[in-house]
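2 protein chains.
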Amino acid sequence: MSLPQTHQVWLLKTRPSDKSIPNEFDLTTRRTPIVEDLKDGQVLIKNTSFGNDPAQRLWMDGSIDPKRLYIEPILVGDPIRVSAMGTVVLSKSENWKEGDNVYGDGDWAEYSVLNDSGPLTGKEILIDGQSPYITNSILGLTGQTAWVGAYKEMDLRPEHTLVVSGAAGAVGSTLVQIAKKIIGVKKVIGIAGGKDKCDWVNSIGADACVDYKDPDYPKHLAELLPEYADRFFDNVGGEILDTMLPLIKRHGFVSVCGAIAGYNDDGFKLKHWGELIYNRFTIKGMLIFDHADSLDEAVRDLTKWVKDGTISNTESETVVEGKLEQVPEIYNKLFSGGNKGKLITKLIV
Amino acid sequence: MSLPQTHQVWLLKTRPSDKSIPNEFDLTTRRTPIVEDLKDGQVLIKNTSFGNDPAQRLWMDGSIDPKRLYIEPILVGDPIRVSAMGTVVLSKSENWKEGDNVYGDGDWAEYSVLNDSGPLTGKEILIDGQSPYITNSILGLTGQTAWVGAYKEMDLRPEHTLVVSGAAGAVGSTLVQIAKKIIGVKKVIGIAGGKDKCDWVNSIGADACVDYKDPDYPKHLAELLPEYADRFFDNVGGEILDTMLPLIKRHGFVSVCGAIAGYNDDGFKLKHWGELIYNRFTIKGMLIFDHADSLDEAVRDLTKWVKDGTISNTESETVVEGKLEQVPEIYNKLFSGGNKGKLITKLIV
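In order, the protein sequences belong to chains A and B. Note that full-length UniProt numbering has the first sequence beginning at 1, numbered continuously upward. Note that full-length UniProt numbering has the second sequence beginning at 1, numbered continuously upward.
Chain A on its own, in the form it takes in the complex (with noise of 0.2 Å):
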């Protein structure tokens, strides 16, 4: 296969310190590898499209000490890191040749050098009547983190009354219709940004959702909790959680999955942490990657419920099509709302 010389590139031009994400990036051309460049379990592919994580903004944060990071943060002048699929065009693996869509770590570029092994590194998943990005959607980081969360770290139950905020997004759907189809959990109460998204969070499983946008949101909720939350699911932080620490139950569980508020301003306030005083409850943090000996069973678990409906991916998804140029534009949609389900960028040329 011929390959161009030279590709284009995303680095990270500074640090993000506010929500102008898309200013902060150069384009720039970089020489494409050649099969001498790389090593035993690497292959080079082609980038067809890229998931968009509220996580990635966090990676690039230059102010976090890099020994307090999951994972290696990147850089000013770096790639920027991405969960990719995309089509091998040269092989160094036993396990993938040249043709096969793959998936796994790769950078906002239009080629990007893969391991072949990772615990979110794999070959393409299709089912039919899917869409072709459920492997960077339900089946990847965003489905596995819903699983995760619901039967490692909040152990869900059908007599529990679960919150989800971020209902919209990518893990929090995934989550209500897991919470709701699988488990039978009693109540799921969305949160979400508009109705628009409300409705369609509701339409996922939800017996409720309220809308952060409207004023008097902290009343609807509580009048959906007069018995409190027995777990309260958190993928945005700030205000949203502020306004549940009155409404978690006595000894019921926070878990913690994303502080998208926290990450793009300057910290925010809490008025409610006497709460958790004299409520006796706990917030952990959470990341799949402590549970790295479940992800299998998740993924198999996933699988199922997508294959045989109970779990609905179609809806589920925001694609947006774009040109490499219109990558950082694209990612910066999961800060202003944009998206419902997984954000998803199909590259076209």
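Honestly, I wouldn't trust all of these hints.
Identical copies carry no separate label here, and so any pair may be met within one copy or between two of them.
Below, simulated DSS-like cross-link-like pairs (lysine-lysine); rule was C-alpha separation at most 27 Å, straight line [to be verified]:
| # | residue 1 | residue 2 |
| --- | --- | --- |
| 1 | K67 | K249 |
| 2 | K284 | K249 |
| 3 | K123 | K249 |
| 4 | K180 | K39 |
| 5 | K186 | K219 |
| 6 | K213 | K13 |
| 7 | K346 | K323 |
| 8 | K186 | K284 |
| 9 | K46 | K13 |
| 10 | K13 | K187 |
| 11 | K187 | K323 |
| 12 | K307 | K284 |
| 13 | K284 | K152 |
| 14 | K249 | K271 |
| 15 | K186 | K271 |
| 16 | K186 | K67 |
| 17 | K284 | K97 |
| 18 | K219 | K67 |
| 19 | K187 | K67 |
| 20 | K284 | K13 |
| 21 | K323 | K67 |
Hints listed in this document are in silico derivations from the structure and should not be mistaken for laboratory results.
Starting from the structure of chain A, add chain B where the hints point.
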């Protein structure tokens, strides 16, 4: 015994909303109960001393839904509940007789009605060479909270590095001693306000103490924690909590016992909430009421340690003498940093 027909009682005038606590009470005259007013198991005591606890501030805070509190709130017009010690002057109890020195839930008043049963109720314990207020400090709510924190909440072990905020306070100073002198925790670091308090915290066993009034204290803390803290026992919340979040070890544990910062202000700001996620630690609120079955063991242990001299109580109280009129003013020293160890009000006529 001849009792006065009336006596003085402090009532809540307005719910506290800022630090001006001493202005928010009314000293009023009430009829002194007679024996016919007492129920079975109740006694009337003449109060001799009061424990001062930050939690009392919480009980008066009418902004909290009573269903969310662990005890009845103190409403406007109510007497101020307090951990009281005194001498029985009327008894309808089979356990306590006139002249007994006892402690339990009383009021800011000359006389209080006490029940002779309950987890924090009993006869005064006197130990040679120890303060007469020991029942209300190391052997009372205070010491029991430290014991529960060490053994039941944090599962402290010798290999741990422990940080204690409010380390010069009643609970904090007892915990420092239990951790270092009993459990033999590898490194115990206190956080306290001012050199004088820090010197004292060091003298009771801490390996180091950081003065939060020094603007460079976050740097000092970080230097003392190159391997981070396995356990953080937080008595204060606010900026100190935020400063500690990047210093909690991956998969570590934060036991939240108090939030003085949160009680007296309109919340506080957190800039490092994301640390909870990418280092997956746990934050849990605690109250000893969840460990009622263990409190007898706690008191046995604490009594033994005080008797054999392992834990020092002689220095770990700040006893302020005052008339009933001065009780709110003395209480307020809790929030202006005016005490080392337990703040005790000794009533004088």
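Any of the earlier hints contradicted here, and which numbers? The structure conflicts with hints 3, 4, 6, 10, 11, 12, 15, 17, 20 and 21, although it agrees with all the remaining ones.
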